[in-house]
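S.K.: Here's the letter readout for the chains.
Number of protein chains: 2
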Amino acid sequence: MKKFVNDPKQFVPEMLKGLALANPDTLKYVPEYNLIGRASGPSDDKVSIIQGSGSGHEPAHVMAVGKGMLDAACPGDVFSAPPMDYVYETTKLWNSAKGVLLLVNNYTGDRMAFDMAQEMSLADGVNVKTLFIDDDVAVQDSTWTVGRRGVAGNFFVIKAVGAAAEEGASLEELVRIGEKVNSVTRTMGLALTACTPPAKGEPLFDLGDDEIEIGVGIHGEPGRRRAKIVPSDELVDILLEPVVADLPFQSGDRVALMINGLGGTPISELYVAYGHAHEQLAAQGIEVVKSYVGEYCTSLDMAGASLTLVRLDDEIERLLDAPAEIGYRVF
Amino acid sequence: MKKFVNDPKQFVPEMLKGLALANPDTLKYVPEYNLIGRASGPSDDKVSIIQGSGSGHEPAHVMAVGKGMLDAACPGDVFSAPPMDYVYETTKLWNSAKGVLLLVNNYTGDRMAFDMAQEMSLADGVNVKTLFIDDDVAVQDSTWTVGRRGVAGNFFVIKAVGAAAEEGASLEELVRIGEKVNSVTRTMGLALTACTPPAKGEPLFDLGDDEIEIGVGIHGEPGRRRAKIVPSDELVDILLEPVVADLPFQSGDRVALMINGLGGTPISELYVAYGHAHEQLAAQGIEVVKSYVGEYCTSLDMAGASLTLVRLDDEIERLLDAPAEIGYRVF
Numbered sequence: 001m002k003k004f005v006n007d008p009k010q011f012v013p014e015m016l017k018g019l020a021l022a023n024p025d026t027l028k029y030v031p032e033y034n035l036i037g038r039a040s041g042p043s044d045d046k047v048s049i050i051q052g053s054g055s056g057h058e059p060a061h062v063m064a065v066g067k068g069m070l071d072a073a074c075p076g077d078v079f080s081a082p083p084m085d086y087v088y089e090t091t092k093l094w095n096s097a098k099g100v101l102l103l104v105n106n107y108t109g110d111r112m113a114f115d116m117a118q119e120m121s122l123a124d125g126v127n128v129k130t131l132f133i134d135d136d137v138a139v140q141d142s143t144w145t146v147g148r149r150g151v152a153g154n155f156f157v158i159k160a161v162g163a164a165a166e167e168g169a170s171l172e173e174l175v176r177i178g179e180k181v182n183s184v185t186r187t188m189g190l191a192l193t194a195c196t197p198p199a200k201g202e203p204l205f206d207l208g209d210d211e212i213e214i215g216v217g218i219h220g221e222p223g224r225r226r227a228k229i230v231p232s233d234e235l236v237d238i239l240l241e242p243v244v245a246d247l248p249f250q251s252g253d254r255v256a257l258m259i260n261g262l263g264g265t266p267i268s269e270l271y272v273a274y275g276h277a278h279e280q281l282a283a284q285g286i287e288v289v290k291s292y293v294g295e296y297c298t299s300l301d302m303a304g305a306s307l308t309l310v311r312l313d314d315e316i317e318r319l320l321d322a323p324a325e326i327g328y329r330v331f
Numbered sequence: 001m002k003k004f005v006n007d008p009k010q011f012v013p014e015m016l017k018g019l020a021l022a023n024p025d026t027l028k029y030v031p032e033y034n035l036i037g038r039a040s041g042p043s044d045d046k047v048s049i050i051q052g053s054g055s056g057h058e059p060a061h062v063m064a065v066g067k068g069m070l071d072a073a074c075p076g077d078v079f080s081a082p083p084m085d086y087v088y089e090t091t092k093l094w095n096s097a098k099g100v101l102l103l104v105n106n107y108t109g110d111r112m113a114f115d116m117a118q119e120m121s122l123a124d125g126v127n128v129k130t131l132f133i134d135d136d137v138a139v140q141d142s143t144w145t146v147g148r149r150g151v152a153g154n155f156f157v158i159k160a161v162g163a164a165a166e167e168g169a170s171l172e173e174l175v176r177i178g179e180k181v182n183s184v185t186r187t188m189g190l191a192l193t194a195c196t197p198p199a200k201g202e203p204l205f206d207l208g209d210d211e212i213e214i215g216v217g218i219h220g221e222p223g224r225r226r227a228k229i230v231p232s233d234e235l236v237d238i239l240l241e242p243v244v245a246d247l248p249f250q251s252g253d254r255v256a257l258m259i260n261g262l263g264g265t266p267i268s269e270l271y272v273a274y275g276h277a278h279e280q281l282a283a284q285g286i287e288v289v290k291s292y293v294g295e296y297c298t299s300l301d302m303a304g305a306s307l308t309l310v311r312l313d314d315e316i317e318r319l320l321d322a323p324a325e326i327g328y329r330v331f
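Residue numbers (the UniProt record's numbering), protein chains in the order written: chain C, 1 to 331; chain X, 1 to 331.
Just so you know, not all the hints are guaranteed correct.
Identical copies carry no separate label here, and so any pair may be met within one copy or between two of them.
[What the hints assert, rightly or not] BS3-like cross-link-like pairs, simulated, lysine-lysine; straight-line CA separation at most 30 Å:
no.	residue 1	residue 2
1	K17	K92
2	K67	K290
3	K129	K180
4	K228	K9
5	K92	K228
6	K9	K290
7	K46	K200
8	K228	K200
9	K228	K17
10	K228	K67
11	K200	K98
Bear in mind the hints are in silico, worked out from the structure with no lab data behind them. Nothing here was measured: the structure is a model prediction, and the numbers come from that model.
One chain only, chain C, in its complex shape (with noise of 0.2 Å):
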């Protein structure tokens, strides 16, 4: 394994100090939680919007946390969900008069982690709802998943319920949001290697030299098929199209179109793809009007891609256009 890591089991705490290190401003790290939180707290005038999930998916979602995105995230160890006390630990620190949404991707041992939190903090008087997040089309149940599993869509989640919080609507508001977002939001990955989690030190599965796996997750859970390699063009198209049909997505539809990188992908081969995916949407009449094209939901250093559309309506469409900051500095 050649990577930037000390001591395995220090991997997530070591970057997370490296985080609050390079982002005093702007953000708070509570080390026994692994919480990474705006500094200035939380507002009253405002939900609270937390989300946990095992990290190695960054920047999900630890770099999401900033005005207009989360309030708090609370990772567990690589591609392990949070401890349910780091979920209720978090959702009490950052408890707020309107209450307080829970994001969570749609994993079995995350929903665990964050059911219990979310009984706990009821218990305790929190005013607290929790969202789940299933965008991908690849697979009905999977290793770690009963239903549909949560992956890179839940960036358009975040952005969506994070725009509306800051501009003071309810709890409610969010989830009826948050549901209506997941609801046109669909997703499919593919990967061109393995990751190497730190821990293991050596690649999570075997995949030949000219071999890609098609929906794969974003723990390395199988997909729907290996297959041989294929020039990107196709890639494109192994992809859109299962996510155009799942919906459906139709001419005359608007939409977002995420290419997201999976960490060891160059952004300059994520832009070859986009190139297609974009030119043959607008063949079938889907008009692409916002585009997002970078690393959104890794898999470690895993090569390889994954492909989002959102349906957009006004509602979605403005709010995915309001300014927000993230936790990380681009330029």
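Knowing the structure of chain C, use the given hints to seat chain X on it.
M.R.: Structure of chain X alone, referenced to chain C:
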């Protein structure tokens, strides 16, 4: 080779097409010259700032086109200097009454193309000056360079002169600012893996399963030495010590610190590296007041990172703080 690539000869044009399709409101694409420029075109109220280089370093430089940054970029093929006529035509198209500033990373091929383009543009009556960037402390001369190489520190020159240009600074003033920033910027990088250029289809050089290349160039050029992989803190020290010693940076200095991913290293690892670098600098009395963690200048899919320090003064800090827009959507 497993990549999002169709015909390798079309890799760069397809990337640029994707970039333009994703940003129709802000970017203009002129295929004849690999030109990505601001959709608004040149303005006689500001100096036009143009950078060209080989491709394969994205987001540098085509994705650094935007308000407060570059006016246009005209890359060559992967790891190849732009043809002289790309630079010449771009200079003419972005001509401004206030002049044109060409930014060039110090590589022999790039210098030749830009020197000739500058001469021809001057003959056409364009008021054009060129600024060379050579921030890499790793080697004095190298495979493609006489003198030091220009690498990720280039970002700070773009950001500073970009901000000053928006304020209406003269061409002479921009040259002064750019030279000053370059003179206080130092970088060194290391490779954990080789990169794979699309046209070659296999890794550019051989690196053992436990080997790293210290002081690597962004085209995979050899650096100072090969070594065995060591823990992250030691990797950071290997980069930090020569960078600090070179200027030298000293106790009492205020600095910007960049940990730049080379393409295949995920941002989680970059933050692990950042945390140690920040703390080591603090221990030496060097205060990090601005931080940059992510991908700024890559080498295709190479795993690895570079570390850049910039010694700040009030002018540089103010220019780095100025607002900027980039040619690709983040959030």
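S.K.: Each hint: holds or not?
M.R.: Going through the hints against the structure:
1. K17 - K92: Within one copy only: 22 Å inside, 48 Å across.
2. K67 - K290: both (20 Å within a copy, 19 Å between copies)
3. K129 - K180: Classified as within: same-chain Cα gap 15 Å, cross-chain 54 Å, threshold 30 Å.
4. K228 - K9: Classified as between; 22 Å across copies, 35 Å inside a copy.
5. K92 - K228: neither (49 Å within a copy, 46 Å between copies)
6. K9 - K290: between (39 Å within a copy, 29 Å between copies)
7. K46 - K200: Neither. Shortest intra-copy (41 Å) and inter-copy (54 Å) distances fail the 30 Å Cα cut-off.
8. K228 - K200: Both: 26 Å inside a chain and 19 Å across chains, each within 30 Å.
9. K228 - K17: For K228 and K17, the Cα distance is within 30 Å only across copies (26 Å; inside one copy 40 Å).
10. K228 - K67: Classified as neither; 43 Å inside a copy, 43 Å across copies.
11. K200 - K98: Answer is neither: 42 Å inside a copy and 57 Å across each miss the 30 Å cutoff.
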